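Please build the complex by placing chain B on the supplied structure of chain A, with the hints as guidance.
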Amino acid sequence: MKEETSNNSRRKFLKSFGISVGAAGVVSSFSLIGAAKAATKKPAEMVNLLTQDGQLVQVDKNQLRPTVNEPLDELQKRGREGIPGKSFVMVIDLSKCRNARKCMSACQNHHQLRADQHHINVLQMQDAEHTAPYFMPKPCQHCDNPPCTKVCPVDATFKRQDGIVLIDNERCIGCRFCIAACPYSARIFQWTEPKDAEKYKDLTYNIEANVPQKKGTVSKCLFSADRLREDKLPSCVSACPNGVYYFGDRNEDAVTNGTTGETVRFSKLIEENAGYTLMEELGTKPRVYYLPPKNRAFEFNGDLLNEENLH
Amino acid sequence: MNDLPKQKETNLSFEKIKKDILHPMQNHKGLELWIVFLITVISVCGWAYYIQLKDGLGVTGMRDYVSWGLYIANFVFFVAVSLVGMLISSILGLLRIDWITPISRIAEIIAVAFVAVAGLVIVLDMGRPDRVLNVMIHGRFQSPILWDVTVITTYLTVSALLLILPMIPDLAICKKELTKASPIMKKLYNILSLGYINTPEQHKHLHKMIRTLMVLIVPIGLAIHTVTSWLFAATLRNGWDTTIFGPYFVAGAFVAGSAALIIAMYFFRVNYKLQDYITDLQFDKMGKLLVAVCLVYLYFNLNEFLVPGYKMKTGDDIHLKELFYGNWAIMFWASQLLGNIIPIILLVNKKFRKPLPIMIISLFVLAGAWFKRYVIVIPTMLHPHLPIQNVPENFVHYYPSAIEISVTVLSFALVLLIITVLSKIFPVVPIVETAESKGIEVKIDA
Numbered sequence: 000m001k002e003e004t005s006n007n008s009r010r011k012f013l014k015s016f017g018i019s020v021g022a023a024g025v026v027s028s029f030s031l032i033g034a035a036k037a038a039t040k041k042p043a044e045m046v047n048l049l050t051q052d053g054q055l056v057q058v059d060k061n062q063l064r065p066t067v068n069e070p071l072d073e074l075q076k077r078g079r080e081g082i083p084g085k086s087f088v089m090v091i092d093l094s095k096c097r098n099a100r101k102c103m104s105a106c107q108n109h110h111q112l113r114a115d116q117h118h119i120n121v122l123q124m125q126d127a128e129h130t131a132p133y134f135m136p137k138p139c140q141h142c143d144n145p146p147c148t149k150v151c152p153v154d155a156t157f158k159r160q161d162g163i164v165l166i167d168n169e170r171c172i173g174c175r176f177c178i179a180a181c182p183y184s185a186r187i188f189q190w191t192e193p194k195d196a197e198k199y200k201d202l203t204y205n206i207e208a209n210v211p212q213k214k215g216t217v218s219k220c221l222f223s224a225d226r227l228r229e230d231k232l233p234s235c236v237s238a239c240p241n242g243v244y245y246f247g248d249r250n251e252d253a254v255t256n257g258t259t260g261e262t263v264r265f266s267k268l269i270e271e272n273a274g275y276t277l278m279e280e281l282g283t284k285p286r287v288y289y290l291p292p293k294n295r296a297f298e299f300n301g302d303l304l305n306e307e308n309l310h
Numbered sequence: 000m001n002d003l004p005k006q007k008e009t010n011l012s013f014e015k016i017k018k019d020i021l022h023p024m025q026n027h028k029g030l031e032l033w034i035v036f037l038i039t040v041i042s043v044c045g046w047a048y049y050i051q052l053k054d055g056l057g058v059t060g061m062r063d064y065v066s067w068g069l070y071i072a073n074f075v076f077f078v079a080v081s082l083v084g085m086l087i088s089s090i091l092g093l094l095r096i097d098w099i100t101p102i103s104r105i106a107e108i109i110a111v112a113f114v115a116v117a118g119l120v121i122v123l124d125m126g127r128p129d130r131v132l133n134v135m136i137h138g139r140f141q142s143p144i145l146w147d148v149t150v151i152t153t154y155l156t157v158s159a160l161l162l163i164l165p166m167i168p169d170l171a172i173c174k175k176e177l178t179k180a181s182p183i184m185k186k187l188y189n190i191l192s193l194g195y196i197n198t199p200e201q202h203k204h205l206h207k208m209i210r211t212l213m214v215l216i217v218p219i220g221l222a223i224h225t226v227t228s229w230l231f232a233a234t235l236r237n238g239w240d241t242t243i244f245g246p247y248f249v250a251g252a253f254v255a256g257s258a259a260l261i262i263a264m265y266f267f268r269v270n271y272k273l274q275d276y277i278t279d280l281q282f283d284k285m286g287k288l289l290v291a292v293c294l295v296y297l298y299f300n301l302n303e304f305l306v307p308g309y310k311m312k313t314g315d316d317i318h319l320k321e322l323f324y325g326n327w328a329i330m331f332w333a334s335q336l337l338g339n340i341i342p343i344i345l346l347v348n349k350k351f352r353k354p355l356p357i358m359i360i361s362l363f364v365l366a367g368a369w370f371k372r373y374v375i376v377i378p379t380m381l382h383p384h385l386p387i388q389n390v391p392e393n394f395v396h397y398y399p400s401a402i403e404i405s406v407t408v409l410s411f412a413l414v415l416l417i418i419t420v421l422s423k424i425f426p427v428v429p430i431v432e433t434a435e436s437k438g439i440e441v442k443i444d445a
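Chains A and B, in that order, give the protein sequences.
The C-terminal position of the first sequence is numbered 310 in numbering that gives the first Met the number 0, with every residue numbered one higher than the one before it.
The C-terminal position of the second sequence is numbered 445 in numbering that gives the first Met the number 0, with every residue numbered one higher than the one before it.
One chain only, chain A, in its complex shape (with noise of 0.2 Å):
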């Protein structure tokens, strides 16, 4: 009885991912901003919408912005909460991985963030001088020994207790002691007012996304909690186009290929795989889990790599 629960249960979180990714493309939450942005050019350029009570009416593409219904305290209280049962876990496939950038893109978009700031970087990796390089995109590792949020003076980064690791802009004092602590390199700064921040400033702040960013605070990858909440994938797997990203629960031993949809057993693809972590010597325990570059199926088409870029 209690197996068949559990059963239910994830065949409704796999159907449940399974929709969102095909239905990722069509309807993305941000694919509105992406549409107004596109027609700046054109000011006259009208939609149509249907109201609440049931009229349609025409709107200026300019003139549309996201909607987030909550207010703040809500948004803060169940986003340090985080989602009940659920134990977030993402395995990036590098023989994969040829270096599309989509990921960037995506999270860029959806995180509000310019072109050279990255909650994930796709970085190009050596691992010796005679090994073959390879691509390696590179989230926060959703540690769970993180030293970033050990070190937060504020708790303005913590753990929740689906794993993953948030920032609060509202809290951050921006001491950039979390920077300095994270091993990954995976956290940035607001140094200057963020991008489109004029437009964005009567937004309310999600922390699940940590949109609006905020001058003067530090940002880093959520795995696009926001979407999680929403049984939706991140933006940076829904984004790939080569398969290269797996997402899933911990707990339910699945996850799901943010390109095919397919979804495998986490424990398995880890151990045929010779999964890894990045840097466990250092203890971090991280969340993100990586399958070895062997039989690449795109050559690595980088810049050869000179020593210097490898610190």
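Keep in mind that a hint or two might mislead.
Said to hold, decoys possible - Taking lysine-lysine and the BS3-like style, the derived pairs with C-alpha atoms no more than 25 Å apart in a straight line are:
#1 200/A with 60/A
#2 53/B with 200/A
#3 53/B with 198/A
#4 18/B with 186/B
#5 287/B with 272/B
#6 442/B with 203/B
#7 293/A with 267/A
#8 442/B with 18/B
#9 284/A with 175/B
#10 186/B with 442/B
#11 186/B with 175/B
#12 76/A with 60/A
#13 214/A with 53/B
#14 194/A with 53/B
#15 442/B with 185/B
Rather than coming from a laboratory, the hints here were simulated on the basis of the structure.
Note that the structure is predicted; figures quoted are calculated from it, not measured.
Here is chain B on its own, set in the frame of chain A:
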């Protein structure tokens, strides 16, 4: 001790001591000009901070990789220098070493000024200084920053007490003697002197309190610099991830603090004409002390660089090569040689421990100590575990911006202003203690 230059025995009476020490406080024209100059510098550089406040930390040279820069280096330097208060007036004081009597107050003034500004420098470095109270409201005691806030405020408080309490008898004299002082100052002397008239009972109580504080400040002083080192050592970065950072920083702090004290001693001696009080003996002894602390620091440097340099572990290797013969070599070797090794060699010679030569050597030591902090903070941030890629060119290097340099000048000017003001309103050499140490009878009228 016997080989020391015999100081000229001038016939000092209590009246003469009072006059010599109190006179320059009120009759020094240059001092007021100097204060005006410092205030001007602070105002101009305050404008730079205003721009930083308005436009964000983007006006600095810091970016995502080098996210701690000049300000943090300054912070470590200021905390380091402030440790001289604990070294001189507490450790040496508790050991009842008598030659420190005329310079202990200068040491305390330096300690108070530097630690107060160190606390401010951290706020100058914050991305959201408007949220500084979050540290109280949402403070997490697991964070080393909370430990730093705690020990710095404690050290500032105890240092200020160690400045004021031993000064109470002197303040009672100021109240009487400084007839030209403004009414506000007279009131201040009146309040701070607490009605002290040097009765045996008052004397006993006062010295009991001072000794308690002198003991208390030893662990606090050790704590401020140890905790400051932990801001770095608590991370997993190459160059910071080391276990000796606590004592290494404390040893370095004694070097920086002693050098700063020697420089201050020289300027007070010359400007306040205190040659009879801050004598060649004090410079000679301070020179020996500086050699001792430099040798300890050298020993720590040997451990800190030779051992990982021998192993050349992955990660450490790039960092160390950059320091030893890469982009940071000039700064690294200059701070080691000019700031430590050469001063040791020179100062073992008696003739270099004369006031002027030792002051010049101390300038090098102090500058070296500052560059040493810079070399501790910035190169490590440039050498993270993973490669720096897909970011603009200015993320890969770090050069402090004009704004950052201006704000740095502001903090240094503020330190000098605090020292100057304190030395203008308070006697820089203890009057009563000096008289007592020379066996001259002290009389304080009610």
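Each hint, compared with the structure:
1. 200/A with 60/A: Cα-Cα ~18 Å, so holds.
2. 53/B with 200/A: Answer holds: residue 53/B to residue 200/A is near 17 Å, not above 25 Å.
3. 53/B with 198/A: holds (19 Å)
4. 18/B with 186/B: holds (21 Å)
5. 287/B with 272/B: holds (24 Å)
6. 442/B with 203/B: Holds, because 16 Å separates the two Cα atoms, which is no more than 25 Å.
7. 293/A with 267/A: holds (17 Å)
8. 442/B with 18/B: holds (14 Å)
9. 284/A with 175/B: Roughly 69 Å between the alpha carbons, so the hint for residue 284/A and residue 175/B is violated.
10. 186/B with 442/B: Distance of about 21 Å is within 25 Å: holds.
11. 186/B with 175/B: holds (12 Å)
12. 76/A with 60/A: violated (33 Å)
13. 214/A with 53/B: Satisfied, since the Cα-Cα distance of roughly 10 Å is no more than 25 Å.
14. 194/A with 53/B: Distance ~16 Å between residue 194/A and residue 53/B Cα, so the pair holds.
15. 442/B with 185/B: holds (20 Å)
Checked against the numbered hints above, the structure breaks hints 9, 12 and satisfies the rest.
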